[in-house]
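Listed here are the chains, written in short residue letters.
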Amino acid sequence: MADELLRDEADITERGVAREAEDPAAPLVDAAEIAHQDLEGPGLEPEQEILTINMGPHHPATHGVLRLIVTLQGERVLACKPVMGYLHTGIEKSCEDKSYWKVIPFVERMDYLSYFFQMEAFCGTIERLVGLEIPPRAKYLRVLHMELNRIMSHLVWLGTSALDLGAISMFWYCFRERDTILDLFEMSAGQRMHTRYFQVGGVFEDIPVGFERKVRQFCDLMPGRIDQYEALLDKNEIFLHRTRNVGVVSRERLLELGVTGPLLRAAGEPWDLRKSPGYLSYGDFDFKIPVGTIGDGYDRYRVRVQEMRESVRIIEQCLDGLPEGPWISDDRKYVLPPRDELSTSMESLIHHFKLVTEGYRVAPGELYYSIESPRGELGCFVLADGSSKPARVHFRDPSFVNLQAFSDMSVGGLIADLIQNLAMLDPIIGGVDR
Amino acid sequence: MPDAPGLELIAQGIEEGRGGTVIETSVEHDRATLVVNPDGILHALTWLRDTPEQGYRFLSSVHAADYLPATPRFAVHYELLCRERMERLHVKALLADPAAGEESNGIPADEKLPELDSCVALYPTADFQEREAYDFFGIVFRGHPDLRRILMPEDYVGWPQRRDFPIGGEPVLFTHNEIETPRWFE
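Order-wise, the sequence lines are chains A and B. If you count by my numbering, then the first sequence holds residues 1 to 434, one letter each, in order. If you count by my numbering, then the second sequence holds residues 1 to 186, one letter each, in order.
In isolation and in its complexed conformation, chain B is listed as follows (with noise of 0.2 Å):
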């Protein structure tokens, strides 16, 4: 992983190619993080992807996490990784929760998904990934190619790893209850 300064040195070169992208840097448990705003990912991405003495060119994992009751509500979690040397960088986009806005453009509030840019064109390994964060978390990402449900069934209503989602509320259907689950047969 990259040292504090290091890291300072990378948000700087992120930050001159288009300034606020940066919001805050750490290095915790041995791991640096960079966290940037959600309209900069993909500037951010290209940027440690394309530089030539950065070069994180592979992309471990992307995945989501719900922070409630934290402000923004969520963050996607990029995991580089720079073959050459060795070193592992966290880029995490924190995004907002929009359900807890306003009512706008004729859409109730609490329809409305979060949305980030996809990276599927920079690393093409984050398709199935960025799928499977909008399968489970409701986070949609703009301009990926495939955009759907990968792991619960197409059409499943929900987003079932969201922190208010409840574990276990679904009833398992078996032949002695069939009767009462209601129109289980549609």
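Chain A on its own, in the form it takes in the complex (with noise of 0.2 Å):
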């Protein structure tokens, strides 16, 4: 017993100095040099000696199925290696024996916190493909929905990285409010997850009645609960230890490693394709991109609340604002017709008829078209061959590109902050595997 508290001591002695010379500039040991010189004399000290361990896959912190080659000398980690796909399910490849509008619940259920975003990237480059444009009240429905589902992914985030952290009350808080939006997905389009609720054209149903009242009740509610969760966390000695100064990643690097999104921010990059123009209709929005200062984990925690609050802004003026009219394209081409035009119209029947036995064909044409989910850049690259299946659906994953930076943000650090910053990357290994 005795023995263990030494150790404590000595390891919180040793983060503390570790906290107090940081140089980022200090040159890294090579693993091998240290390996090296361990065969003699003092080297083999416990503390000295390199240790190369496996985290993962099925480790409780890695948020999934990811595997972590971590290289150790004591508690310091000199190199780091992830090693992805053992979720990989073949999506892509299943995708080219679908037909399009088969392909939407497929792409969903890549990144499964993020489905309405996955759907939209998709849908939007089909619509680009055959240039169908939606009308005004379905780019309300979409950016409301996407809204919501960004607040709920980064409150699956909250929860799951405060409990890494050791704070699990946040994991049930979290949870509550999330809960409250799955139940408002499902009053919308039926399903809590992988709603399959966005079409090539619009959406697939309106806003059933007492929605809009609903959302404005999750609305009033949210702030409130953003402050309690800040209250929980803001003042909190132990979180504020673990997450200032760690994983610092200096901006530069990040925008050559490609990593998009909160991350980004993070680092004080004001970057958010929200703010590009002739994304459905974020341009009437008054909404902040949320930046922070050095690209900590703390930073990185306090862009996501932030960016929580700017959404549930967002749905608000949303709600205002609403269009009246239709929620999905009338063109036949592309649109089932309404179920009631079947029994009077032949060529409705004819339209339903080819569209749900062959699907539409898409003219040859190759695409890249890329939105903001809550993790990045999210790009669907889809090439039609000019049959009614596409020949390639790809996706570029912003967890699969931000993982890059994972190397470059514990390198250095110590292992109990390899945590810390994995939590704070926010990997979806489904979105990663694909």
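Just so you know, these hints were derived from the structure itself, not from any lab. Quick caveat, the model's predicted, so the values are computed rather than measured. Hints may be right or wrong, so weigh each one.
[Unchecked claim] Computed footprint of chain A on chain B, listed as stretches where at least three residues anywhere in the stretch have a Cβ under 8 Å from a Cβ of chain A:
| hint | stretch |
| --- | --- |
| 1 | 25-35 |
| 2 | 47-59 |
| 3 | 65-77 |
| 4 | 115-125 |
| 5 | 152-161 |
Glycine is no exception: its CB is placed at the ideal position from the N, C-alpha and C atoms.
Using the supplied hints, reconstruct the complex from the two chains, each of which is provided in its own coordinate frame.
Here is the structure:
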């Protein structure tokens, strides 16, 4: 017992020293070199021994099945290599065997926390390929659901990340609000997750009576809840110690690595595709892009929490300005005719039959379309060969690309900070592996 | 995206540095595309990145596609982005399939893989994405620091996202059929 206590103290002292001596320019020791030195003399001390361990794939803090090959010297990380593919299901390949409208449920299941964004990336690509304009109400409804989804995704992130850092109560509070959002999805789309609500041409159905009132209730409630989360975490000594000045990567390096989303914004780069022209109806709304200062774990947390507030504002404006009119395009070549027309109109029946049996054809062409998902730039590439099935569907998943920055964040830090970095990176392994 | 005259200027600028690099330019679906010779891909990307008035310093995505039965069969797509001007440019390198050619140096034709220069030194973000293109299409990126399979198992044989690779060709192993699946335990 006494020995254990001593060790703990030693760890704490080492940690304190590490905090003070933060010199990012300090040369990292080459693992192979140390391994060589270790063969003789004092290198055999346990603190200096080089140890390569597997973290995961079934480690609860890896948020899925991510395996990290970590080289350690004592508590310090010398090298870190992510190994992925344990959740690879070949969704991109399977999509090539489905007609365009049947691909939507597949792509939703890649990044299972941002299904509305996956749908929008895919449907948006097809709409641009065939030149289909979607009605304004559909644009607003898409934005409404995507922003609810963004809050939901950030809530899952906040709950699980705080859990990784030892704050278990956050998990229950965040999942309480997440459940409210899932109830809203169930009300409008009929499903809590993987809703298949977006269609090529608009959205599947108009929102039901009472949905607006429920969303407004949620919007009134949510800012207060976010205050509560912040009250729980912002003054939490342990949380602050574990996140501040940990995992800092410079903004230039992040850009080189192609990192986007809250990670990049936390480093002070105000880059958000929602502000790009012609992306749904985001141009109609007044919202801010939160940015951090140095890009440590704490900044990443602050940026995401602030994004939730901005999303609530967007949802409120969306409801205020929701235009009347159709919620899906009336182009019968791509969109199913309304059910009641089938018994009276021969053309509708033919279109319905064609769309359901073969599906629509897309003229040969290829397009890459990208949107801002909760984790960064989500791109979808579709190659059409003129048939009713895509010849290639590829998703540029933000988690997959962002994971490249993980080694930069962790090397030179402590192994406990590795968990913190991964939590603040927020990779969704379903999206990484596809 | 750069407009049609802007795209022609870009093509001209690249051609001045190294003739025969740009094969084709096109503007489709509000997107400018530059088709380049695979030998000149690094020259084109370097020019686009380092020319001050271009400044395509952000590489959004690298992905491959198989155009079977067209020739050249493969293409690697680079989605470049200039963040200052919010402009995207699509660069595409077409790659012929060497497996369709003759046997040479004692290597049978169907084992030869298409090759392309890696752009990891220019854009470090391409690391994982080039590995993914290698994993699924068997496109070898020359000069990549660590070209291994990334999503499929290390010992996997075949290039699963090629168009001639069958869908669902692999039996799933359960306890009830482990006897029929030959030598599964190895």
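Against the structure, the hints:
no.: 1; hint: 25-35; verdict: holds (count 4)
no.: 2; hint: 47-59; verdict: holds (count 3)
no.: 3; hint: 65-77; verdict: holds (count 4)
no.: 4; hint: 115-125; verdict: holds (count 3)
no.: 5; hint: 152-161; verdict: holds (count 4)
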